[in-house]
Amino acid sequence: MTATFAASDLNLRNRRIQQRVRILLMVMTVLLVLPVAIILILLTVRGAPVLTWEFLTEFPKQGMTAGGIYPALLGTIFLVAVALLASVPLGVAAAIYLSEYAGDNWLTRGINLAIINLAGVPSIVHALFGVGAFVIFFGFGTSILAASLTLAIMTLPVVIVATREALQAVPLAFREACWSLGATRWQTIRKIVLPNAVTGILTGIILEVSRTAGETAPIMFTGAAFFLPFLPESVFDQTMALSLHLFVISTQVPGVPENFPYGVALLLILIVLLMNALSIGFRVYLRGRKKW
Amino acid sequence: MVDVSSVTGVKREELVLDVENLSVRYGSKRALNSVTLQVKPHEIFGIIGPANGGKTTFLKTINRMDEFNSSMHVDGTVRFLGKDTRAWRNTYALRKRVGVVFPLPVGLPLSIYDNVALAPRLSGVRDKAELDLIVERCLRRAALWDEVKDRLNSLGSLLSGGQQQRLTIARALSQDPHLLMLDEFSIAVDPVTTMRIEDVLKELRSTVTIIMVTNLVQQARRLADRSAFFLNGDCIEIGDTEALFEGGAKDTRTTDYIEGRFG
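Listed in order, the protein sequences are those of chains A and B. Under this note's numbering, think of the first position of the first sequence as 18, with each following residue one higher. Under this note's numbering, think of the first position of the second sequence as 1125, with each following residue one higher.
Hints were generated in silico from the structure; no laboratory data involved. Fair warning: this is a prediction, and the values are worked out from it, not measured in the lab. Each hint should be verified, as a subset may be incorrect.
[Stated by the list, open to error] DMTMM-like cross-link-like pairs, simulated, lysine to aspartate or glutamate; straight-line CA separation at most 25 Å: (1) K208/A <-> D1251/B; (2) K208/A <-> D1300/B; (3) K208/A <-> D1190/B; (4) K1207/B <-> E193/A; (5) K1153/B <-> D121/A.
[To be verified] From chain B, some residues computed to sit far from chain A (all C-beta separations above 12 Å): (6) T1160; (7) E1191; (8) G1206; (9) R1245; (10) E1361.
Note that beta-carbon positions come from the ideal geometry of N, C-alpha and C, so glycine has one too.
Using the sequences and the accompanying hints, generate a full structural model.
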């Protein structure tokens, strides 16, 4: 009997199916990327000419139909900064506790469930919670503080989950080796675990920034203003914000030049992309510096 | 209470380790059943036996690593240097007197120098000259100094497996332990390095007591003064290593294991 290397009908059919599946999957993937590409191209074409230095550094003029977006840009930076000041210490501390101290019992399982659910709460619900808790109950009024704390609570799960994953990526063997040297849990965390998790934690924080910068609902009732002719002087003042400003000039104010909203949208997306690029940069840096 | 002086030839209060009826379970899974054994000063005590025998678990109970594992439950008494390890209020101080070397070398992601200086630093040594002394002494005792003395600041985790394992020995020695516990130290190390480490252990015997878990029976024969045979969580037999290997084992399972009929 001679060995035949000719493909049977079945072989050919399987190969045809495999090729069709491959093309189908590829088309689906391209379809997925298409909207993103269209958004980016459209925004760049129409928005880029708007983004001049003057646009970034001037106050809005003539009922927001001219001038720039300076107070909104600055306001978004304030909101994000104060939100980070609140959520990073809280989130990192909670993650360290959950990852390094808490045992596997009903309480920690409950806490984990709560964190996952917190991530799933719609942002408008966070907004109303923020009004009730920070604006009214704590008496902060509609202010940067109230808006930032609302944003902080909304983004806490991001920080906690990212930090916990970064901590758990540090091998248990390192901890055991350190414990066997007579180190306490905290010494082990400080000397071995945290230094090796810090880049992962930073990545999580950056992702949080990009999420915080774009949110509208949580801030529109708690501290972001329609229009302000001056900059906030303290965290108890209201502020303008990019995301709300985009909403306002797109839908609420007549006579805004057609390209203005595209410019603001492009700026918001650029901020988010910049943050994501930073976080990718950190990951690459982390991989290059990985010590084990 | 059983008189153990006749077994070990050492007075009870001089024993390094005096373990009585030690049982361990993880959740409901039993890992160690009522183990009783004694370790004398300056001996190399071998623990042999097939996998899942409770050998590693035994080591973990000595330096109270159960504190870090909530599912691990320990019963019975372990006396270290005459004192019940449950009675050491400061378990960190206990752990400092027990050096551990793990099966897979764990070079911490620190420089070679910092790896060895970690334990002294944790206990408060800040003086650079003193740290230098400790680091050099420990690396010399672990027979690693000549290979790394010119690159103490490079990463410990980038050394070869055999070098890392000697680094972990140096690190374990940096706390001046009374007892050094090695858990299958040669599992990830080539034969030549294994022989080097074995020579190191023979040297160390004059200053520290050593417990050595190994799944290489010939290694136990080469090094251990006395050996215990662990099987499925039971300590089947303890005896002088030579006697065990020369057919003096009382339990046929010990003989079968030593002669390679199972395990």
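In rising order, the numbers of the hints this structure does not comply with: Of the numbered hints, 7 and 9 do not hold.
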